[in-house]
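**Q** Chains as they are written, first to last, in this note's numbering: chain A, 1 to 327; chain B, 1001 to 1294; chain L, 2001 to 2549.
Hints are supplied without guarantee of correctness; some may be wrong.
As the list claims (entries may be wrong) - Calculated from the model, a selection of chain L residues having no Cβ within reach of chain A, i.e. all distances over 10 Å: (1) Asn2127; (2) Asp2213; (3) Asp2512.
What the hints assert, rightly or not - Derived DSSO-like pairs (lysine-lysine); straight-line CA-CA distance at most 27 Å: (4) Lys2165(L) with Lys1047(B); (5) Lys2092(L) with Lys1139(B); (6) Lys1047(B) with Lys2195(L); (7) Lys2063(L) with Lys70(A); (8) Lys2092(L) with Lys2153(L); (9) Lys67(A) with Lys1134(B); (10) Lys2165(L) with Lys70(A); (11) Lys2538(L) with Lys2266(L).
Quick caveat, the hints were computed from the structure, so don't treat them as lab data.
Positions of the beta carbon are idealized from the N, C-alpha and C atoms, including for glycine.
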Amino acid sequence: MSNTTVQQVAIKSEVESRKKRGPFASFIYEIVKNKFLYLLALPGMLWFFVFAYLPMVGIIIAFQDFKAMKGIFGSEFVGLRNFQFFFRSGDWIQIVTNTLFLNTLFIIFNTAAAVFIAVMVTEVSGKWFKKVTQSVMIFPHFLSWTVVAMFVMAFVATDGGFINQFLSLFGIESIQFLASPQYWPFILVLLKIWHGAGFGSIVYMATISGINPEIYESASIDGASRLQKIRFITLPLLKPTVILLTILAVGGIFNGDFGMIYAIVGRNPLLYPTTDVIDTYLFRSMMDLGDMSMSAAIGFLQSLVGFILVLTVNSIAKKVAPESAIF
Amino acid sequence: MSINESLSDRILKGFFYAAILLFSIYCLIPFWSVVASSLTSEASLVKNGYMIWPIDFSLDAYKLIFRDSTIYKSYGVTTFVTVVGTALSMIFTSAMSYTLSVKSVKYRNHMAFYIYFTMLFQGGLVASYLLISKYLDMKDTIWVLIVPGMLSAWNMFLLRNFFASIDESIAESAKIDGANDAYILFKIILPISLPAIATIGLFYALGYWNKWFDAMLYINNKDLFPLQYLIQRIMNNLDYINQVSADVTLPNFIPPAMTVRLATTVVTIGPIVFLYPFLQKYFVKGLMVGAVKG
Amino acid sequence: MVKMNRISALLLSTALVTTLAACGNNSNSSSTAVDPTGTPTTTTTDNNNQEPKAEPPKAVTLKGMLFGDQPKDLSLVLDEFENRTKDTLNTKIDISWNAPADHKQKVKLMMAAGEEVDFVFDADFQNLRELVPQGAYAQLDKYFNNDEYPGLKAAFSEEFIEMNKRYDDHLYTIPFTQYFYDIPVIYIRKDLREKHGFTSPISSYDELQQYYDKILSSESGVTPLALRGTSGFQEIWAPERPEMDTVRPITLGGIVYFVHLSDDLKTVQNVVVAGDPAENWATLPEPMNTLKSAFPQYDKWAEWNKYLEKDILSQKDHKAYFMSGKAASYYGTISSYAADKKLLQETIAGADLEFFVLKERIRNMEPKAIATNYKANNSIAIPVSSKNIDRTMKFFDWLFQSRENHDLFELGIEGTHWEAVGEDQYKLLDASNNYMFPGYEFTWNPTMIRTSADLDETAKKYLDYSAEADTYYAPVLARFAFDTSNVKGEFANVQSKADPFIQTLKAGQIKDWETQIQALNKELKAIGLDTIRQELQKQVQAYLDAGGK
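This is chain A alone, in the form it adopts within the complex:
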């Protein structure tokens, strides 16, 4: 996007005059220059201060021996002691691996599926077909995982489950899914896609609908096929959104999907080797203890790792696709 000459001159003089001002003065200058815009953002910034930054004081619980009655400011400070238990048993390696592995799979496949669906839906015609299928595809998002879990059981049950019934038609022996951890990353990914891809495609559909149709028309005139149009117009224009959402997802890569995994795997120890994530492990450890400090400590750890990862990915994004970086 090239600036017009008039603007180039204006910018240049501004830059020069800026060099003469001190830092505080230039801060004021900037605010005044864009005062309408800063004013717009002010209520939101205040809201975040009150409802997000003020409670952040609570992070200190991770470093305290928190007692409900003593409160946040009265409990004893114990430094890093609350973090120790997590690393003491060797299990943490497996658990962290599971968490990262599963989340990475989720991010990749969910994004791919959502983009795929969005592209497909915008390519087909037929008003009613599109309306109906779009509505239907978001239904799974609204089923809570507890309800979904019941269906999953019906599918994978050893006696009488749908999959095993199907296999027996071909004379194949029943697979005891609920005792075989190796199948579950696959099953979980399928479930995640089913649950979230339809809903996730909404964002991409909105993005696609913002693309100027004249671009497609000129491509058609140039002889591009549908596939080529998708590859060279649609997908690249979706890239900023994909990158943004991926970076946002990376921030949570250390947070296991507790809702889904606990509802479906529950407390079936045979499946822990591949499905136990940090959050479910924490839940079981705290079952009889109910200790808020230790839970807060692990939560802090998850946030910290996510933060470091995002900083890294964001700085890469700034170089590669500066439009999509978060900050």
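Got chain A; can you put chains B and L on it based on the hints?
**A** Same frame as chain A, now just chains B and L:
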């Protein structure tokens, strides 16, 4: 030449139709099954498991849910919260997103960082509870369902991206014509951002519609229970038995009928299903026709 | 003239108060919400004195928090209550009902925020163990065994109160229980039993096993025994031996620690855990001196694994599984017999329910067959932040003063929701669905039990048996409670490591449990088992030294 392209294009399009159809069926069947199974009697569900068509049709589950007049009030509460909440959220979020999307705003990345940080680091329940319940004294008010969750950083970043993707030349040419920031925002940017606004609005609306956790913490007054909270109470009962350690028995604890749990799902999704088709018209390709002039 | 009246009124009331004070015993200050005009409130319990009718105390609304669903007709019951006590208690009750899964967290948050609430449901399986040592709840000792609260005095015996005191010898709760033990049973499909040739009800484990073999061979598609995945066999096949005074099992985080005491029960000799090397076990008296003889049930569980469904570990609702006709029996406790029987008959045509009591001594209803620590699993606690502690206790006193008062809350309005059948039974009327009150949160008491008149004779006799004091005895260390504060980290690690193993063991999926338990033991030692063990030994010794039994 054009006939060949039409063929490969048509094949691709056909493939898309098939894929979408299959996926839709894949999505529809469980939901359909939930509806069908909720329209049956409890005994039948226990005996037959999930069904595609109700065996032994019965409206018992729904009668049970709607028997208590609390549910009508909760529909009202939830509707109010959703409408007012979405409106407020959209106003403040769009305001912030727009500011953060304008390249000439020098501190926009600092502000973005300020906001993003809150997505990762949270102070925990105790701190929030103290703030909202004790210091702000918002317990048992309808505003506790709206204000503490009013802004979502995730939605804000999405919307910022949408605004940023609008061709800058539009704003630039308006500036040259003498428009100020306010005019550009309201008269130019917003009208062409309808798909984005609709999307983010939908996300917020869903968030408000499904809100229950805040209600659980802060609302004791039955007249202010939102719909989802009522539902969650029913759904959580069975899970609870399995969480409590084995040697604790809650005597005469009657987990709610399975049909009731399913019916509650239907009852909450219903309104959303009706809302979404109305929004779909904003997701039509080519809304920006005629936007770029020069 | 007004002035004169006011002074004389003041004089009169002062005289009144001093008279009353002299009559009743009031080592406690029964001053409740003090009236701003300075008129002290009067005691509301019946004295034999003929003083003129006292003014009702100032109106107060007691706010409380229980969990579950509010009974539909609760407002009717509360109205009736207020009518009856307008002049005596002048109290309104306002109960908030939390969802069961959320109650624990919500109460903890409320206590942390110091919110004003007059009573909350709390129990060991909720926040009691944590909040009591932190001083969240008020001490209630003085309200019990106190003539000013005759209702409480009659309904809560001294021993009952003694056993429900906490580690520091104070009472922090109003305990609610009907029976000190909910007898574990296996519920059996009576019709299937008869169908396969067993003419009389099953009365031994061997018979049960024969029944299961028959089901396996002749009833395809039906699982003999339905269990919940997280708890497994539990009490099934648990060895029947009298509790030994010198070897006390204490379960922490799912693992059983056997505390070995000296013969005079004053010193702790050692603490043995499953999987310890044989020498440790050899120090214990028979039959605890070897791992195998200490846990005879584990072999049996492995043997009985074939009677369970294959996906047992994922079973979240074994009762529904049974009710759908897919199982021939399931594990439960006797308190649910009436409800379960009804549900089965409604769901499967021709089906009927009976039960098999697991423990022989209980089956034969022998005296002193059940060990208990007399602790109520459920209770109400009163936060220190409440300004109406006395009024709340007065309410509970009223509640337990007579069966009428008690039954109003527990069962509903007589004639509408229920009707009395004799002294200790009730019959539910049609409207009873509108008033299902969770008595264990508010009203249960061993002196005021009513059983359903519809109840089978077979179940009734066991319920009566479990209501009798003579059935129970308190074993050594019954009142000991372990405090996890010093070993929090080790506790979390040990529990999360042991939990999967224990769960699979309880589901009978481990055949060579001896070797595996020893392997587990080594792993647990590496993450703090011995630290917990030593802490336990220390705490028990301190408990004994302080005179605990």
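**Q** Now tell me if each hint is right for this structure.
**A** Evaluation of the provided hints:
{"no.": "1", "hint": "Asn2127", "verdict": "violated, 7 Å"}
{"no.": "2", "hint": "Asp2213", "verdict": "holds, 19 Å"}
{"no.": "3", "hint": "Asp2512", "verdict": "holds, 17 Å"}
{"no.": "4", "hint": "Lys2165(L) with Lys1047(B)", "verdict": "violated, 47 Å"}
{"no.": "5", "hint": "Lys2092(L) with Lys1139(B)", "verdict": "holds, 22 Å"}
{"no.": "6", "hint": "Lys1047(B) with Lys2195(L)", "verdict": "holds, 20 Å"}
{"no.": "7", "hint": "Lys2063(L) with Lys70(A)", "verdict": "holds, 24 Å"}
{"no.": "8", "hint": "Lys2092(L) with Lys2153(L)", "verdict": "holds, 23 Å"}
{"no.": "9", "hint": "Lys67(A) with Lys1134(B)", "verdict": "holds, 18 Å"}
{"no.": "10", "hint": "Lys2165(L) with Lys70(A)", "verdict": "holds, 23 Å"}
{"no.": "11", "hint": "Lys2538(L) with Lys2266(L)", "verdict": "holds, 13 Å"}
The structure shown violates the earlier hints numbered 1, 4.
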